[in-house]
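**Q** Using the supplied hints, reconstruct the complex from the two chains, each of which is provided in its own coordinate frame.
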Amino acid sequence: MAHSTIKLSAESFEEEINASTEPILVDFWAEWCGPCKMIAPVLDEIAQEQAGKLKVAKLNVDEAPAVAQRFGVMSIPTMIVFRDGKPAKRLVGAKPKAALVDDLAEFL
Amino acid sequence: MLTTDVENYPGFPDGVMGPELMQSFRTQALKFGARIEASRASRVDLKEQPYGIWVGDPGATNPTYRAETIIVSTGAKSVMLGLDQELDLIGHGISTCATCDGFFFKDHHIAVVGGGDSAMQEASFLSRFARKITVVHRRAELRASKIMQARVFANETIEFLWDTVVESYIGLSSLEGLRVRNVKTGQKSTLDVTGCFIAIGHTPNTGLFKGQLEMKDNGYLVTRPGSTRTSVEAVFACGDVQDDYYRQAVTAAGSGCMAAIDAERYLEGSSWGTSHP
Chain A
1 MAHSTIKLSA
11 ESFEEEINAS
21 TEPILVDFWA
31 EWCGPCKMIA
41 PVLDEIAQEQ
51 AGKLKVAKLN
61 VDEAPAVAQR
71 FGVMSIPTMI
81 VFRDGKPAKR
91 LVGAKPKAAL
101 VDDLAEFL
Chain B
1 MLTTDVENYP
11 GFPDGVMGPE
21 LMQSFRTQAL
31 KFGARIEASR
41 ASRVDLKEQP
51 YGIWVGDPGA
61 TNPTYRAETI
71 IVSTGAKSVM
81 LGLDQELDLI
91 GHGISTCATC
101 DGFFFKDHHI
111 AVVGGGDSAM
121 QEASFLSRFA
131 RKITVVHRRA
141 ELRASKIMQA
151 RVFANETIEF
161 LWDTVVESYI
171 GLSSLEGLRV
181 RNVKTGQKST
191 LDVTGCFIAI
201 GHTPNTGLFK
211 GQLEMKDNGY
221 LVTRPGSTRT
231 SVEAVFACGD
241 VQDDYYRQAV
251 TAAGSGCMAA
261 IDAERYLEGS
271 SWGTSHP
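Residue numbers (my numbering), protein chains in the order written: chain A, 1 to 108; chain B, 1 to 277.
Only chain B is shown next, with the shape it has when bound in the complex (with noise of 0.2 Å):
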């Protein structure tokens, strides 16, 4: 969860913190009866209901959930360059969260890779901090919305690095700066940073439902339309990992309560024949 602010939920005309609404969300949810265990399921298995869910150890023999019914909503998460010592390097020098970290940059050079709307983003809200911004992108023009665009071009921190892709890190402890090579003319150099945002798209969590599940080609889970019923009976999907289109908060609210009618309905053993999508 890296949105902080969320501007366009309905019924909050002067926009709301992500991490409220969420806590509403909990403690509403518990109000009614949800009990709400956080751990990280391991493995599932969908060839038969009741289905299995494993935390911690997938190879125990036992999974530690059986469900007759599953509802994912496992959402996406920003996507890395996956170049060596990103890992390591993530808290040094490399974020995918502006609002978290352009703090520790004051008057700092930092790079953006990354040319949609929310790179665009992240590169003007650093300029608050930083003495200048390097936008890295590997194509000769943004992806982002027009009106993101001329915010960006008008911002005299900002500058632009076309064609351009970054080919590793420099640095060990912490970053000192990006080796970058120019797509067009092979040309590469060195751009001298210590921080580097990475804003360059999302992909959704679905690794552990792979080969069990229906997916698009971009690894989104595949609903049928006008529900969110999955290839699977009985295992229904909502949010961001299904939705590669909408991808709003409110989309994702409004699919998560069509899962649990689907999935209630499902356990009352109504008809699916008919009046059912």
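Here chain A stands alone, though its shape is the one from the complex (with noise of 0.2 Å):
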């Protein structure tokens, strides 16, 4: 697919935020994290509708707990938009799809 979601690492994450044109939003969430299951296939979505506006990816904090840490992630799923590699907005917490697109309007 051509705009999927993008999977982050922690060598990889850096140059992915820095790197992007477009508000990049990164979902923060793990295996064992319910809620983080829902909200994955609506991010997936979310990326294919709003290609060339925002892109979407993902950190599982298993796999990268420092990247998390330094961005003080406490609860899962945590959604950070980052513009210009800087955290622009913040969302904690799976909701249905159109209160999350509400919630990403300022970068739609």
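In case anyone wonders, no lab produced these hints; they're calculated from the structure.
Hints are not guaranteed to be accurate.
Stated by the list, open to error - Derived pair list, reagent style DSS-like, types lysine-lysine, alpha-carbon separation capped at 25 Å:
1. A/K89 - A/K58
2. A/K58 - B/K31
3. A/K53 - A/K7
4. A/K97 - B/K77
5. A/K7 - A/K58
6. B/K210 - A/K95
7. B/K47 - B/K31
8. A/K97 - B/K31
9. A/K95 - B/K216
10. B/K188 - B/K47
11. A/K53 - A/K95
12. A/K53 - A/K86
Stated by the list, open to error - Pairwise CB distance ranges (calculated):
13. A/P65 - B/L172: 22 to 30 Å
14. B/G211 - A/E22: 45 to 53 Å
15. A/A88 - B/T64: 29 to 37 Å
As the list claims (entries may be wrong) - Going by beta-carbon spacing under 8 Å, a handful of chain A positions derived as facing chain B:
16. C33
17. T78
18. V92
This one's a predicted model, so the numbers in the text were calculated from it and none came from an experiment.
No residue lacks a Cβ here, since even glycine has one placed at the ideal position from N, Cα and C.
**A** Here it is, written out as structure tokens:
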């Protein structure tokens, strides 16, 4: 798929965030988190629909705990939108697609 | 949906992940032609049929949907303490989901508020991560089952603060502590925690139906015994929103099937008289 969700790692995180010309939403998630699994397909849809305006990426906190800690993530799913390499908005918890799109309106 | 592992759903001897079970329900319903639209209803009008359901602006003249029959399955949600800053600190130290957030509290001192089975399950689970857990409970004894009590009392990581309530949260950008008060002595103190997991029970999501459907004092919808019929004709209720007693995934699924049959028979115009409860 052309505009699917990007998988980030501790190594690629910095480069992807800084290189992105569009705002980039990073979903901090883990395998053992139920609400994260609920929101994953919604984020995939948003990635497809908003291609060109907003990038969507995922970071597994089990694999990159230091990155999660650096951004003070204490609950998942946490979604942070980075613009010009800096956190611009932070959303916590799963929610219906319409509510999520509303929360992201300033980037779309 | 906050339960991750479902251990007691029939047909899954090794347990099943809640989200996977839900995904399977969804796939199966779609296979039989169900149309699923994920939106939040903001208002309902049950005065006359077809009933109105609003999505978005509740002040709009026309409802988004009209229906001859409605099945209500809005479930129940965790009760919060309702203190200042609580919503701002969710995700910054305050949590209602131990399985989601325990990982972030490795070697922290955290509080669990509540005295029932779910509070004790949270405390037990969190003891895998936390350095120390303080259970804050407003009474001098637990409401949790004997087996859960034995488990937490044997756990050296878990200590108890009896007869105690949380008065306020300390911390602006993230939780730094709790101000607590002993309800017997009135003595106030500070609990030095960076995490606070709240497990003080559930409340049904019935605000939407206030004044329109009959409810018990605790807000749960009243259904006619042996059926899913509410106080309004052709409005049915199933799952946790009408069940403050069994509250199991399998009983919710069972009552969902009952509601589907009740609604279908209603639409077919079959008689409600003799054979139906």
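**Q** Take the hints in turn and mark each one as holding or not.
**A** Consistency of the hints with the structure:
no.	hint	verdict
1	A/K89 - A/K58	holds (16 Å)
2	A/K58 - B/K31	violated (30 Å)
3	A/K53 - A/K7	holds (18 Å)
4	A/K97 - B/K77	holds (19 Å)
5	A/K7 - A/K58	holds (5 Å)
6	B/K210 - A/K95	holds (24 Å)
7	B/K47 - B/K31	violated (34 Å)
8	A/K97 - B/K31	holds (22 Å)
9	A/K95 - B/K216	violated (28 Å)
10	B/K188 - B/K47	violated (51 Å)
11	A/K53 - A/K95	holds (21 Å)
12	A/K53 - A/K86	holds (17 Å)
13	A/P65 - B/L172: 22 to 30 Å	holds (25 Å)
14	B/G211 - A/E22: 45 to 53 Å	holds (47 Å)
15	A/A88 - B/T64: 29 to 37 Å	holds (32 Å)
16	C33	holds (5 Å)
17	T78	holds (6 Å)
18	V92	holds (3 Å)
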